[in-house]
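From first to last, the protein sequence lines are chains A and B.
Taking this note's numbering as reference, the numbering of the first sequence is continuous, increasing by one, and the terminal residue is 117.
Taking this note's numbering as reference, the numbering of the second sequence is continuous, increasing by one, and the terminal residue is 125.
Be careful, since some hints might not be right.
What the hints assert, rightly or not - Derived contacts from chain A toward chain B, CB cut-off under 10 Å, selection only: (1) S36; (2) A83; (3) S97; (4) Q106.
Since the hints were made in silico from the structure, they are not lab data.
Here a beta-carbon is modelled for each residue, glycine too, at the ideal position from N, C-alpha and C.
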Amino acid sequence: ETGVTQSPTHLIKTRGQQVTLRCSSQSGHNTVSWYQQALGQGPQFIFQYYREEENGRGNFPPRFSGLQFPNYSSELNVNALELDDSALYLCASSLWLGPYNEQFFGPGTRLTVL
Amino acid sequence: DAKTTQPNSMESNEEEPVHLPCNHSTISGTDYIHWYRQLPSQGPEYVIHGLTSNVNNRMASLAIAEDRKSSTLILHRATLRDAAVYYCILRGQSNFGNEKLTFGTGTRLTIIP
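Please put together the full structure from these sequences, using the hints given.
Here is the structure:
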C-alpha cells in the first residue's frame, strides 16, 4: 500500500503567476484536505473534498481552488500568486468515518514566490 | 473550534519518558482529543486520539484528565527520532465528511543524546 504522495517537491514561481500542485491519496480514501504551512507556523486548513465535492473551506480567498478526481487524486490551484503564498503545501487523505479517524499527510510541496 | 494551549518547547533526555501537556478548558463533551507530530521536513503524522479514557498504542499513551480540560501525551522512552513538533488538536462532531484539523503552533520537542 503506497502512502500519500505530492508533486512537485519544490517549485519557484513569480508574483502573478498561476500554480497547480498535485496529490495522490492513499488507496481506498474518499477525502482529501489541503493545508498551507508558513515557516514556523502550524498548518492552516485551506479546503477539503469529499467524494469529488468541496466539503469545507478555511479562510482563504477564491483564487485558491481545487479538484478531486474519481481516483481520489487531487489538485490545488492558486491563481495570481502573491509573495505571502510562499509556504509548504500539504495534502492529507482519509477514509471519513467520524471525528476520530486518522489522516495521512503527504510530504508537502514547498512553493516559493519571488 | 475549541482552543488548545501547549508549551512552545520542551527538552528531554534520550531514553527517558516525556510528558507533553495540552490544556483545552473549553472542550465540549463530544470533542475528541487528537495528537499529531511533524518530524523535520515531513508532513504531520497521526500519533493517538482519545475521548474520555486513557489510550495506549505502539507510539504513545494519552492520559486525559477526569474533567477533560487537559491531557498529556506520554512517550515512554524517547529516542532521537521522536524530536518533532507535537500538535494537540480537538475534533468535534461536524458535517459529514468534515476532516478539518485546526493546528496551533504545537510543542517543539528536543531530545538530548
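Comparing the hints with the structure gives:
1. S36: Holds. Min distance 5 Å.
2. A83: violated, 25 Å
3. S97: This interface hint holds because 6 Å falls under the 10 Å limit.
4. Q106: holds, 6 Å
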